[in-house]
Amino acid sequence: MTLVRIENLFHRYGARSVLERVNLEVEEGAFVAIVGASGCGKSTFLRLLLAQETPSEGTIAIDASPPAREPGPERGVVFQRYSVFPHLSVRANLIAAEEFSTGGLARFFGKRSREARARADRVLERIGLAALADAWPAQLSGGQQQRLAIAQALAARPRVLLLDEPFGALDPGTRLQMHAFLQEIRAEQPMTVFMVSHDLSEAFKLGDRVIVFDKVRHDPQYPDAYGATITYDLDARQARPHMETLDA
Amino acid sequence: MRWINRRPGRLLGAGLAAIPFLLALLAYVVASDIRRAENPRDRLLPAPAALVESAGRLATEPDRRSGRILLWDDTAASLTRLGMGVGLAASLGLGLGLLIGLLPLARSGLSPFVATLAMIPPLAILPILFLTFGLGETAKVALIVIGVTPVIVRDIAQRVAEIPEELIVKAQTLGASTRTLALRVAAPLALPRLIQSVRLNLGAAWLFLIAAEAIASTEGLGYRIFLVRRYLAMDVILPYVAWIALLAVLLDLGLRALSARAFPWAETPR
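First to last, the protein sequences are chains L and Y. Going left to right, the first sequence walks through residues 625 to 872 as the working numbering numbers them. Going left to right, the second sequence walks through residues 234 to 503 as the working numbering numbers them.
Bound conformation, chain Y alone (with noise of 0.2 angstroms):
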């Protein structure tokens, strides 16, 4: 049998699934036990036990000066960046990836721009953030919105001009103005793809919320790793990543259950 045709079962997929997160886990344990080998007091690849212990210790054990649990409120604050700065991006983007993609006279004007746009690196226009709004919340919030927007604006365009035209056409048989063709038809349509391209661009969005906090913040996930980085405090770091990446994974699989339940109509195989 061909290898392009042979499919795991369920058992043998999780498996295979397993496999790497197994061998990663190895390659650390090995690693840092050859460098403790070398020197107990190593820091740099603490044992795991050490960091099961530290990670319990970080989400449990209040900060000795506030009082309060630095992991949580760490977390609380970017999260809440976070989900401004993608809430803001989705909903700009789908307003402009509707104008763009339905009305020739809007792509004309703003396609060229928000396609130039696009281009600019954004983390290269931070200082100019830091500078207009300050070092609060707000530049941090823009930066994700300026660095995912145009990403999703130029995806929903897509999408909107790739509706067949013959249900364009159909909607305005009806009766449909321009308007209604937007809220009736083309933005249902084109919300499954909003969530789709929101899940691709979380990727972006932590990179540019970990980049502001790790420049200026007093509090964040992104700004404790860079904090405790002086202290080398791998102990601390590692599990901030691994909650991270526990995080953007749950939001993945947030956002996929959230695009199953709100659209069935998408999902049905035809």
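Chain L extracted, bound-state conformation (with noise of 0.2 angstroms):
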């Protein structure tokens, strides 16, 4: 089933042309990996997709929903830094994913208080943060931190799970550790995500498709007028041999 449909989108940031004629449509379920150059608009193509800004024509809809004018709890995020509030404890983090939503004072008390915080704790023993529960993100790790963002972000259950470099800033290492910790995750908790990266061995390895920006028209005379378009949607499951062509 068609959970994402993007349709003839265009993005100009005044007269400069970003995007062009972006047409996409991602399966309930599929992990959709972006990659291109820097300044291909990838990030551009995530903020339109979080609705932090709205394309200047096309629409993008999930699930079939009138397109979104603002970010709303049907999307998860994780950015490559400040992806998690630094004032509240590891355990409040994954609990403030739950309270936000709920209006009023937007706090637990009570109960439901308690309650919340036997599931956060599920949530961090899962994770392996069991023993940082009550200490601030920043004595936290990178790695460390993006797991909990990633907890955080799912805790809220998003219909799709969008992911900003999340990786980006960690050592190789960390990087493949949590790589392991997104393939778990998701094989016990199936979910549509979308992940910008500019690791072309990390997009096809996480991946199920993998979707490349890039100008295919250029003005010599004027480089702004052309946005990037999708060049490759590739099926990254069987897509070892088409390294070649992205080499190329």
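These are calculated hints, taken from the structure and not from any lab test. From the three backbone atoms N, C-alpha and C, an ideal C-beta is built for every residue, glycine too. Check before you lean on any hint, since a few could be wrong.
Label pairs and their calculated CB-CB ranges [stated by the list, open to error]:
#1 L:Lys735 with Y:Leu249: 49 to 59 angstroms
#2 Y:Ala481 with L:Gly727: 55 to 65 angstroms
#3 L:Gly734 with Y:Arg301: 32 to 42 angstroms
#4 Y:Ser410 with L:Arg705: 19 to 29 angstroms
#5 L:Ala811 with Y:Ser410: 25 to 35 angstroms
#6 Y:Ile353 with L:Leu729: 45 to 55 angstroms
#7 L:Val840 with Y:Arg489: 51 to 61 angstroms
#8 L:Gly727 with Y:Leu486: 38 to 48 angstroms
#9 L:Ala685 with Y:Ser410: 17 to 27 angstroms
The two chains are supplied separately, each in an independent frame; assemble them into the complex guided by the hints.
Shown next as structure tokens:
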């Protein structure tokens, strides 16, 4: 079933064209990795998916609902940095994922608080942060912070999870651990994921589909005239041979 | 070793900190000695011993007319005004700062006004305050509020605007409404800055307090200083000034300790 449908998407900042003629349909449960050179618009594409910005033209629909005008709980996100709340303890960060949508004081008390705490502690146990439940995010390593951020995003039960170079700031060893972590989580809890990455091998390792953004039209007199579009849409589950295509 | 890389140890640090105080004290003692050598009854720079004795008298002996110890009455009156003024300014500053920092509509509507308000020298409107609120407590508290609030508002608004976009978006994807964002994300992140802002603005708050008390009051630290000035009573003025300085330093230390205690996450080195 098609979960995300993107039709004829254009995006411009003033006279500068960033994205053009982007069309994409994504099945529920797919893992889409988005790659491309720096400045090719892949981060802009993610911001549009997130509804942090509204496209100049075209639509992005999740579940055939009308296009969103602002970020909401159907979209979960993990950024490269600042992905958890620095003023909340590790446990409180997880509980916040449930509390924030409740309105009122957006805080649990009494029985609800105890139950949310128990749920948070089970998740922390699962992601290996149980011993750090009362620590501040600043006391965590980069990998631990990103694990918390992913768990926090998933605790709000989004329809799609958007990852903006989530492992870009991590050292190679930690990055491998995070790949394994993400694959395990996904095996337990099927979800639709978009991940922007500048690392091709990471994209092919994690993604079911790898889409490549690039400019197809160039105007040497006016480089900003044309934006990037999807130039390759590869099935990564059998795409190792395609690597040569990309390198070429 | 370069001078920029030389750091004092504990002992040397304390010693270096003490030097300017001791020098100031020494300068006073010498100046006082010189004047008193010419005129033993000099009132401008009394001997240190006389100052200490006078300070002791001020803190313990009741006033002959009212039977109350004036120093404590003055301190209570001044600290009440200061506390009310700064407390109100901090609450207003946090509220308006959050509004301006979070809501583009509020920023467009309020930011130029607050910026303009901040440009008006508060002392210039003190007469207006006395005329509208009378000579009572309200005018004095209002002067502190008017003088300090715009600075705090701008500081908090800037801090809120500096919150990484990522955190604001993240909160929205967790389903947070504007109110939830303000209550659970922006306000807690701005509170350490509020305390810092209050600390920095305490000096201005004292200035406005003393100015208001000097002009129209019947008690208060500023009132007393300006009252006894008529009798050239340096033996009262100097202990009062030292007492004000001590109070200000203690307030500052107290706020710093409060901040470290209440916001440990902001203290953790990153």
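Hint check:
no.	hint	in the structure
1	L:Lys735 with Y:Leu249: 49 to 59 angstroms	57 angstroms, holds
2	Y:Ala481 with L:Gly727: 55 to 65 angstroms	43 angstroms, violated
3	L:Gly734 with Y:Arg301: 32 to 42 angstroms	50 angstroms, violated
4	Y:Ser410 with L:Arg705: 19 to 29 angstroms	25 angstroms, holds
5	L:Ala811 with Y:Ser410: 25 to 35 angstroms	34 angstroms, holds
6	Y:Ile353 with L:Leu729: 45 to 55 angstroms	37 angstroms, violated
7	L:Val840 with Y:Arg489: 51 to 61 angstroms	59 angstroms, holds
8	L:Gly727 with Y:Leu486: 38 to 48 angstroms	40 angstroms, holds
9	L:Ala685 with Y:Ser410: 17 to 27 angstroms	23 angstroms, holds
When the structure is compared with the earlier hints, violations turn up for hints 2, 3, 6 and for no others.
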